[in-house]
Structure formats: C-alpha cells, structure tokens
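Asker: Please construct the entire structure, taking both the sequences and the accompanying hints into account.
In my numbering, the protein residues as written are 32 to 969.
Not one of these hints is a red herring.
Between beta-carbon pairs, the in silico distance windows are:
{"no.": "1", "residue 1": "TYR640", "residue 2": "SER962", "range": "44 to 54 angstroms"}
{"no.": "2", "residue 1": "SER571", "residue 2": "PHE805", "range": "53 to 63 angstroms"}
{"no.": "3", "residue 1": "THR383", "residue 2": "GLU447", "range": "21 to 31 angstroms"}
With a straight-line cut-off of 27 angstroms between C-alpha atoms, the simulated BS3-like cross-links for lysine-lysine are:
{"no.": "4", "residue 1": "LYS819", "residue 2": "LYS835"}
{"no.": "5", "residue 1": "LYS872", "residue 2": "LYS890"}
{"no.": "6", "residue 1": "LYS835", "residue 2": "LYS460"}
{"no.": "7", "residue 1": "LYS658", "residue 2": "LYS549"}
{"no.": "8", "residue 1": "LYS448", "residue 2": "LYS836"}
{"no.": "9", "residue 1": "LYS557", "residue 2": "LYS415"}
{"no.": "10", "residue 1": "LYS903", "residue 2": "LYS916"}
{"no.": "11", "residue 1": "LYS658", "residue 2": "LYS714"}
{"no.": "12", "residue 1": "LYS583", "residue 2": "LYS968"}
{"no.": "13", "residue 1": "LYS479", "residue 2": "LYS460"}
{"no.": "14", "residue 1": "LYS351", "residue 2": "LYS481"}
{"no.": "15", "residue 1": "LYS371", "residue 2": "LYS444"}
{"no.": "16", "residue 1": "LYS751", "residue 2": "LYS658"}
{"no.": "17", "residue 1": "LYS843", "residue 2": "LYS444"}
{"no.": "18", "residue 1": "LYS801", "residue 2": "LYS879"}
{"no.": "19", "residue 1": "LYS957", "residue 2": "LYS568"}
{"no.": "20", "residue 1": "LYS568", "residue 2": "LYS479"}
{"no.": "21", "residue 1": "LYS830", "residue 2": "LYS457"}
{"no.": "22", "residue 1": "LYS903", "residue 2": "LYS772"}
{"no.": "23", "residue 1": "LYS876", "residue 2": "LYS890"}
{"no.": "24", "residue 1": "LYS778", "residue 2": "LYS876"}
Just so you know, these hints were derived from the structure itself, not from any lab.
Every residue gets a Cβ at the ideal spot worked out from N, C-alpha and C, and that includes glycine.
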Amino acid sequence: MSSSEDDRPLAAVRGARTNGTSSTVSADTNGTTPGPIPTNKNSKSVSSRLDKMANKSTNGVRPINAAGISLVNGSVEDSGDLRRGKRKGHQAPIKESSSSEDSDAPLNKRRRTSNGIRKENGFKQEDISSDDDDVPLAKKAAAKRRNMPLTTLVKREKKPPAPPGGGSSDSDIPLATAKLAKEKQRIEQKAAKPAKEMRAEENKATTAAGAKRKSAGNANTSELAKKAGKAPPKKTNGVKKEESSDDDVPLAKKRKGAAQKPIESTKKATGKKTKDIDTKPTAAKGKGKAKEETPAEADEEEEEEYKWWENQAETDGTQKWTTLMHNGVLFPPAYESLPKHVKMKYGGVEVTLPLEAEEVAGFFGAMLDTQHASNPTFAENFFKDFQAILKHVNILSFQKCDFKPMYDYFEEKKAEKKALGLAGRKALKAEKDKAEEKYLYCYLDGRKEKVGNFRVEPPGLFRGRGEHPKTGMVKARVQPEQVTINIGKEATVPAPPPGHSWADVIHDNTVTWLATWKENINGNIKYVMLAATSSLKGMSDFKKFEKARELKNHIDRIREDYTRDLKSELMADRQRATAMYLIDKLALRAGNEKSDDEADTVGCCSLRYEHITLEPPNVVVFDFLGKDSIRFYQKTPVIHQVFKNLKIFKKAPKTKGDMIFDRLDTTQLNKHLQNYMQGLSAKVFRTYNASWTMQEQLDEIPNEGAVHEKYAAYNLANKKVAILCNHQRTVSTTHETMMQKQEEKIKGLRYQKLRLKRMILSLEPTRKKKNPAFFKPDPEIDDEEWIKEHQFSLVEQEKERITKKFEKDNEKLQENGEKVLKDKELKERLQVIKDMEAEFKTENKTGKIEPKRGATVEKLEAQIQKMEERIKKQETEAQVREDNKTVALGTSKINYIDPRLTVMFCKKYGVPIEKIFAKTLRDKFKWAIESADGDWKF
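Answerer: Spelled out as structure tokens, the structure:
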C-alpha cells in the first residue's frame, strides 16, 4: 500500500512542511530560504559531524538514537557553513486550538490558527501541548539555540485526564471488566515499589563490589581525563541504544528494498552405521557391561534421585548433555484392509478402493457421528485430499459418498473391545506395553530419564482447534526416511524399521530432542522430547519462571519508558511503545507474520486494520483469531494516549488488510527488550503478570474456613489470572449434562439428610414439637414424584453395583484357576434389593424410617452435620464449574503461574497438594514441591 503523511515519521513530516514557506528557492525570497536539506545530498562524514554538533546543541532534550531520522533535517548548531540558512522572514509559530476536532491527529496535521501569539523576551511565542513530549524536537533545539527555556512557552489549558474505565456513566463496558481493570492497575502500582527497592539493593551491592575492585590505574585515568577537559561519560538508565538506520520506514518497504538472504542450512554431523540394538539401553562407555532389566525391575531398584534444583551450577551453559542413548521412535502399525463386505458406497453402489484410499475413507467413516463431519470446511478439505489419493477412481461428488458401512464396522469393533472381560483388557494392555517398553526410557549422562512423546503420530484427518482453515486435511503417514535421530556419538544408533533408513543421524548436544520430522499439514517441525518429569524439562520450566521473577526488578523502568515513548516523535518508537502497552496491560501475545497457506492467527505485532475498532472516548474492541484459531474478543478501555495512537495508526490511506504496526515486528520488539534484561522477550510478560497477580490474589485470602472453601478461593484467584491472560475455552458439549448430574447428586445428599431426620423422629417423636424449624421439609426436594424416582434410581444403582462385583469376583477366580461362583450366589446377594424396595414403600406410606441397630440421636445428628458439609462442598464445586465454564483455568495454572505459588498456598493454608495438582502435575513440578515452603514469594 502507499504511505500517507499520517503514517510517516512525525518529525520527518514536520521537516517536510515549513509553515507555509516553500521548500524550494522562490523568486520572492531571493534565494535565501532553502527548504530542508535532503539526507542523500550529504556525505556520511558531513552527516556524522552534523549529528555530533546537534547532540551538543540538544542538551537536556531526550536524544533520538540512530534508529530515528538523521539530525541533518532537525536542529544543528550555528557554526560553519554546514548550518541551514536562516529564513529571511521568520513566520510566527501558530497557537493550536485545544478544542479542535482534530486534536487526536498527528501534531504536524493539526489545524493552525493565528490566535494566541505574543512576544516575550523579544521572541514570538506559541502555545504548545502541556506535555513537552509532544513538542517537536526541532522546536526544542531552536529554543536551545536562542537560549530560550522551554518552560517560558505559553502552555495550553490542561484537559482533565480520562479515567481508565472510560469515565462515562453510560459506558457499555461490563462492570466486571472495569473492576478487573482497576484491580490490575492497583497491582501494577504495587509492583513498582518493590522493583525499585530490589534494583536499589542490587545497585548498592554492585557499587560496593566495584569500589573494592577499582584499581589505582583507573583513578589516574580519571584524573588525566579531568585535566584534559574531557567530560565524564553520561550515565544511562541501563537501556542500550539500538542502532538502525531505517527503523522509521514501514516494514513492507524494508522487505521490498532488502535483498533476500539465503537460509543457512543446519550443519549435520555424519552418523554412524545403524545396527540392531538390544531392547534395553546399554550403559555409558567405561562404566562396565550393563545389566539387562525390564522397566518393572528398574522401578524396583532404589536409584538415587537426581535433584537438579539443588545443583543450579550444572544447568548453566549451552551444552545440554554429554552422553545420550535411546531407542528411537515407535511407528504406528501398518494399515490392515477392511473385510471384503465392508465397502464405501458411491451413488448407492459399493466401490472397491485402493488400499491407501480405503484407509483415508475409513478416517472419515469413523468420524461420522462427530461435529467435525458436519463441518463444511472439514468435509471440503477431506474430499479434496481424498480425490488426490483416489487417482484413477471416478468419484466426483462428496454428496454421493456413503461412509455408513465403514462407520457401522468400526462401531462393532468398539463394542467387541468394550465387551472384553478384565482378562481380555489386561492381555491387550500387556501386549501394548511390551511393544512400547524399550522406548519408555533413555539414558542421559548415565541417568535414566523418561521419554515423552516417543510415538510417531499415526495418519488421520487433521482437526485443528477453533476455526482452523485446514481442518479435515489428510495427515500423511510419517516414514523413517523423514526422521532425523539425535544421539550420543558413542551410543548405538537405533535400527529403523526393516527396508527403511533414517533421514539423518546427528550428535548435537546443544539441543534436548531425540528425534525430529516435519508434518505435512502446516509444515511444523515435530520433536521427540524427554517427559515433563525429566530433569531437562524441569530445568526449562524453572528457568522460565526465574526469568519472570527477574523481570519484577525492571518492570517499573520498562513501564515508565514505554509510557514516555507513547508520545515519541518517531513513529517506530511510538508504535513499539503502544505494542508494549497492549502486551503488558492486556496480555496480548506478540504475534508473528503468517504465510498465505497458514491459519490466519494474529498477535499484537501482526494486528491488522480490521482487527481493531475504536469507540470514543477511549474504548478499544479487539476481534481476531488468536492462538490455535480461537477467537479473541475483548472490549476494553485504554489510556487516552494509546487510544490516540491507535487512531493515528489507522489513518487513511490504511484500510482492511493493512498492518496496524507497520514499523514493528516481534524480532525488533524482543531486541529492544533485551536492552533491559538479558533473555527478556514479549512472552515473559504473560508469565510475570500471571504469577505476580496470583501472588497478590493469594495474599488476600484469609487463612480460615474449611478446605473446600480455601480451594474455592484459590480457583477464584486462578480465574482472575486466566481472564487477565484471556485463557478462554468454548463451553463443553457435556457441560449441561455434568451440571445436571451435580444437581442430582446434591439433591440425593439432601434426601439422605431427610432420612436421617426421620430416623431421629422414630427414636424421639417429641423432637418435632421442640424444634419444628429443624424438621421442616426441604423445599429443594419437597416433591413426592422426584423422591420416588430417586428411590428407584438408588435401587438400580445398588443392583448394578452388586452385579459388577459378582462378575469381577468370578474373573479373579478364573485367573487364579479356581471355581467360579454360581448364579445362585448372585441371587442371594440381590436379596438386599427386595429389602430396600420394602423399606422405601413403608417410608412413602408412613413417613417413618426404622433406624439401624445401635443408632442414637447424637450419632444421627453428627451424621447430619457431616451431610451438610458434603452438601456445601458439592454446591461450591457446582458453582465453580458453572463460573469457569468459559475460562481455561488449567492453561494459566500449568504454563503461566509459577508452581511454587501453588505449593506455597497448599503448605501455608493446609490444603492437600493433590486437591490442586493431579499426579502428572505433581511429577512435573516435583522441583517446586520440594523447593518452596509456606513463606515463598514470587
């Protein structure tokens, strides 16, 4: 697209305009009023001299780094012939009306009026913005040359600051959103104080250490510098200047002008010849002959656990391992053709398909009862790939295809598998375990580590998440010739399947993957990694959260800088600052550019014109496809300057399809962030904000009440973090069913409480008169029809329980070679059902229940109290389930909240860790469980 002046660097646009003075030499000026000097007409040496002189002349004004415009077109010192010639007639600057309709336009585009001009100290003055950051740098420099302080300029009347929530009483921002915005603002302000304190302590310690190391030679050098008249080096705020000559050029123009660099290929080490290896990993060289063992035997051995978190020095450096042995990857079994009577039909006629096409048709047939099969995009993509595989078979219409025979066959096989007894299921599992046994573990530096995803994904139909444009495409079968193996030089290379060979064998100890290949749908690189419980994975998680903890020492400075740069004179800086605001405050992902054949998912830096809608005075509506093609829709208030900037970034001639941040990409943004802190990138902000917010929320939870109440409070804190990070999910198709089951469970508990009360009345009938409120009917279950239905379901449940127990006992007896129980035994066991039915019949008729032997009023009252606690617990869980139906708590809990916060909460508040972390997460975060205590702080 073509650029407009609104999309050019603000300072550069001002340089092009001369307040009515022609930029060329005209007759009426006698050639004494030249326009701006073009940059390309000065040599590099001249530009360098000019920049140096300009730096001297702009003392007190924030300097522009090399990424901005050349100062040849800005202010220069009045010395030599290189300075711009003075204009013959000085045109007075014009005051800008504060009530102008275009107050949100770039400074250079605002209307000019002749009001408000006055003289002071012999100079004409003009009204400028109340904030010096909006004063053009050229004007600041000119004021310096005339020894005129900027503070003497007449200022416009300040407008009252817009409130964060929009400030209007009729705002359509949801109250919850506005409340959350205020909560986030409070947390951010609270974060600034400890950041400054921690940085001050670090600077103090660094200064003290530096003073000790300071040599006499350095002192002498300093003295010599003073005598020579050299100024000491300026102190910086710790942010390095970024050197680039074209940061203010739209990225699209950069790409067109830049030559395409060839992609460097990864250097691969020569692999050894492949050999057949034992199913058990061998010991490292020099350690002696390894004893062959099964996984069961290995588990029985008491191996010393490797607690890497207690040896942090070992995690430094780029080398990840010294020795590595593993057994490669497990490929899915070859396809077996369907029985001859099972065929796809086309136009009502059975069709004999080639083997490969039959397999693909079966993929769709197996999914006929799913929502994917009714998705038009899914069906269209499938049929397109299906036709390509069919080759010479004449199938032209998807509507004529009938996959029902295949679906019926697969359903029969499912039913057969389900009908297998315990012994049959165990046999299948044992067979599967035997095939996977040798791939389960590897040896890393002599330590036995569990491998994660060692299975190569089988062929099938790509589903994708959200509205993925490639859903339904055929995932091709991965062949060994596509797989690269990474293994130690001294290890035996695992043998590929017979008749095949590996793509390559390398020995790269700077990476942690064991094997890799490229899938055919999105061209993504797939890796076989160690399990989440492995030391390398644990180290990776630990470093990620420690990096976020380190950010808290710098967050106040980063926020101060990007807040200032929101009014920068350079468009590139202003765009970067606006993007940083959105990433920090709204937890947007940074985003990368996508090619045409990829899903149109975007992040902050790749937002386009149509993804943002502006609603005055300060509300921004975001609507785009985020990660995993899940829609991101958020209507949120922003500060006035950000709203103003976004309005500028959307100015004509930009239109649908154009980039909002056309002078910024993720690489540039991350490079800028590296200046504040080593290893800092945009994604660290999500981890930091999630963990810091969680810490603040947990600190506000009172350490009182039952465990389920504390658990509910934890989930509420987790929910706030998930909303902050926009971790959404679609409402599950089973949500309503689950809620109905939960409600029935609660009503069932209420019925049990009712029965206990009736037993008390059977023991002491006079109690009803003494405490009528206690024996008042429960309105939730005061329904005779429901009670009868519930009694019937209780009878059926008990019957099913007894029958299953009988079958299980028989299976165990059969496995042990003993005689199975006869059906007579089952009938005797089912006798209790008749007793239940008789008891319910009497209860419904008389309203009384005979207490069990040994029952007393005190015991029954204690049971009622326990029942009330169970009811309260179930109601709390039901409410949490309902409140969180559209929020993905797990994503933030697993990936963004430091697990040590959860461990701290459990230890401090007496909540079992099993309540929050499942077994897999307890294994994954074992380092956190063992390293954090109840006083740990993020």
